[in-house]
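Take the sequences, apply the hints, and build the full model.
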Amino acid sequence: MAGYILRRLLQAIPVFIGTTFLIYFMVFALPGDPIIALFGDKTPNPAIVAQLRAQYHLDQPFIVQYLIYMGGIFRGDFGISFSGQPVTEILARTFPVTLRLAVIALLIETIAGILVGMIAGLRKGKIFDGTTLAVSLILISLPVFVIAFVAQFVFGVQLGWARTTVGTGAPTQDLILPAFVLASISFAQIVRLTRSSVIETSGLDFVRTAYSKGLGRRRIVPVHILRNSLIPVVTYLATDFGVLLVGATVTEGIFNVPGVGNTLYQAIIRGEGPTVVSFVTVMVLIYLLVNLAVDLLYGLLDPRIRYVK
Amino acid sequence: MKIRRYGVSFAALAVASALVLTGCSGGGASTPATNANTTAIITTNGSEPQNPLIPTNTNETGGGKITDNIFAGLVYYDEKGAPVNDMADSIETTDSTTFTIKIKPNEKFTNGEAVTADSFINAWQYGALLSNKQLNSYFFADIEGYSEDADSPLTGLTKVDDLTFTVKLKAPAADFPLRLGYTAFMPLPSVALTDVAAFGENPIGNGPYKLASTGAWQHNVQIDLVVNPDYTGGRKPQNGGLTIKFYASADAQYADLQSNAVDVIDQIPDSAYSTYQSDLGDRAVNQPAAVFQSFTIPGRLPHFSGEEGQLRRQAISEAIDRDTITKVIFEGTRTAASDFTSPVIDGWSDSIEGSDVLKYNADDAKKLWAQADAISPWSGTFQIAYNADGGHQGWVDAVANNLKNNLGIDASGAPSPTFAQVRTAITDRTIQTAFRTGWQADYPGLFNFLGPIYATGAGSNDGDYSNPDFDALLAKGSSETDASAANKDFQDAQSILFKDLPAIPLWYSNVTGGYGTSVSNVHFGWNSVPLYYEITKG
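Residue numbers (our numbering), protein chains in the order written: chain A, 52 to 360; chain B, 4 to 541.
You may find that some hints are simply not true.
What the hints assert, rightly or not - Okay, the calculated beta carbon distance ranges per label pair:
| hint | chain 1 | residue 1 | chain 2 | residue 2 | range |
| --- | --- | --- | --- | --- | --- |
| 1 | A | 191 | B | 216 | 41 to 49 Å |
| 2 | B | 413 | A | 283 | 49 to 57 Å |
| 3 | A | 174 | B | 397 | 44 to 52 Å |
Said to hold, decoys possible - Far from chain B, by Cβ distances over 12 Å, these chain A residues were calculated:
| hint | residue |
| --- | --- |
| 4 | 69 |
| 5 | 87 |
| 6 | 231 |
| 7 | 243 |
| 8 | 268 |
In case anyone wonders, no lab produced these hints; they're calculated from the structure. Glycine included, C-beta positions come from ideal geometry on N, C-alpha and C.
Given below as structure tokens:
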């Protein structure tokens, strides 16, 4: 087990180098000069542009820029944004907010999704099952910004139950509404995954055996059926956690969450290489770790899966 | 004004037009409302400043909204854009070249340091020096000693005594005192220049407001300003402070306004263009602003120089139905242009000789185009380049359709993915089409809309336009000592532009905004920013 974990962590090193290289290259290849854009519709003084380009190493060839950046990373220096803040500070400020948002959303979709999916699966073909299928289909079809705007207008503006945007310090109660919005689509996916998985597992031999041994439903459903149905769901949740950390740009924008998605979006628009690459690098690391955690979880859920050295 | 990208409308303005921030807030002192709560904090929208809060390095609205409220320059602008002395006691000149500036005694920064001639001289020297890489350095270009390609001190600045200094310009500029309200000309305390980076994070100013505490700038969240009790100028706040919340999208701030989570906003998302006036009633704001939109046709394009070029440019201008486009596409949040400046600027006129060329006249357009074809037949496609991240597609397509239908030529938009890409192509002159251009005034004067853009060799003369008669009229206007005589010269200069049409004027952007039920006395300044110090709450 320990050997397996070590090997996985070592594998992360080339992935890390490869992704930073790719991302850096992509930012580098973005058309247009971000320094010229800093001046807006005014045409800048070429001498100042040249000096600013030198300050951000933008006058160097790509590979030199990349090596300077990587050299900095190993000294804990992730570069400086155009507004003069160290990127490490920006990371430290935004990731906790997005992480809290992601965790709340994940909790909502996991608890609600598995519960509803399980009940629907156990009552296949009944009214509850049909309704669940219909509702989840609707949720899946709706783009997230539609759900976000509607939720913001109804609960924020009209009913006044929640704040329309996230307030200072991003208090957790302000994050609940955006978390529900983020969770809504994944919730529908989890319901469907759990339902079909539960239906499939319910028909397997070992479940019939358990019934014939005289075990009660209270024991069979959680221990035999649910546990064995969760592997696809856990896989999905892990990917989804990554997506929540990375892809909440739209929702964060609508609710004005000072998180990763928002900040990264602005940085891409401005062509701030160090900010973009550092954010994506941290995202890649998180993704790698989450995936490792999931693979380890498989072993706990299904004893047939064993990790050998 | 710059980069708030999300919503389309403002993105249009922000990205598009004007990465340039506009001058100060201003306005005469108002009488305090009787029931006003002078401790109430006003909340408003803003965006994360893109640069440290150094006035000479702040060229976008996100930072400008803050620096204009925490610093006080020699003058500020009132609601109509007229300059009012702020730190200045007097600004005098006899030849529009040398200015003697006296500063009011007993003014101080919030750290107790006195505002003196040195506070201005040192700040300006810092801002102008090439190696300091300040985004606003070109504002000092007219002062003697300025160099744009070598470090060179401003020799035109001379200290007379603690409260007096003189400014000597390279050439007469009658509107120089008018420029002094712009952010770039703010004074700095001496501590600023010992550690600029730290100062940019926690600036110390002399304006109507100050930072509530060290670290009041919470990045990407908000900045908290409180009243500066030491400020004695005409912008005395009628409230207890100002909290500027940074929004990532115009939609979010509009939702906050509707739920009373923010008091005043100066940008309506275009998703609400058709509804906000009925949503907000008389709390909605929609008035012309000092923002001029156009597209530029560089003279180097084939068929667009000489007499043929003049005819084609006039034909294109007359083929565009500005009234319909502003009404249908912009829901009345733009005002069709009738000159090259803006209606909020003193000296603006909608009846300058030659301005008929901005009136929609499809028949005449067709005739002019045919005359140009007689000189040299047209071939190819007429394209207008724009950045696709700025919400321009709607109007560009509409203009292209106008040209197609009225001139019978092939016309289309040429989108580029990002603002940076378009600006780079424009700056290095590789662009081979017409392109979208916008200008947001830095200070409320006609010259600011003309000199920097159309004068021969001017900094933002992206179309490389050059006409000696035009240059001569600008110089004449700049050396006048009488403002109305100067404005007359600038109007005459525009008559030449109407013949040559280096850029095709389209419309003026309006400021769209609104405010909540708990605040009153909300007025927007000439530069589209609310006069926060006048606002009362409760």
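Hints, verified against the model:
One distance hint, 41 to 49 Å for the beta-carbon pair residue 191 of chain A and residue 216 of chain B, holds here, with the actual separation near 48 Å. Evaluation of the 49 to 57 Å hint for residue 413 of chain B and residue 283 of chain A yields a pass: the beta carbon distance comes to about 55 Å. In this structure the supplied range 44 to 52 Å holds for residue 174 of chain A paired with residue 397 of chain B, their Cβ-Cβ distance being about 51 Å. Every beta carbon of chain B lies more than 12 Å from that of residue 69 of chain A, the smallest distance being close to 25 Å; the non-interface claim holds.
At roughly 5 Å from the closest C-beta of chain B, the C-beta of residue 87 of chain A falls inside 12 Å, breaking its exclusion from the interface. At the 12 Å boundary, the C-beta of residue 231 of chain A stays outside the reach of chain B, the nearest C-beta of that chain being 16 Å off. Non-interface call for residue 243 of chain A relative to chain B: holds, since the shortest CB-CB distance, roughly 31 Å, exceeds 12 Å. Even its closest Cβ contact with chain B, about 47 Å, leaves residue 268 of chain A beyond 12 Å, as expected for a residue assigned away from the interface.
Of the numbered hints stated above, the single one contradicted by the structure is hint 5.
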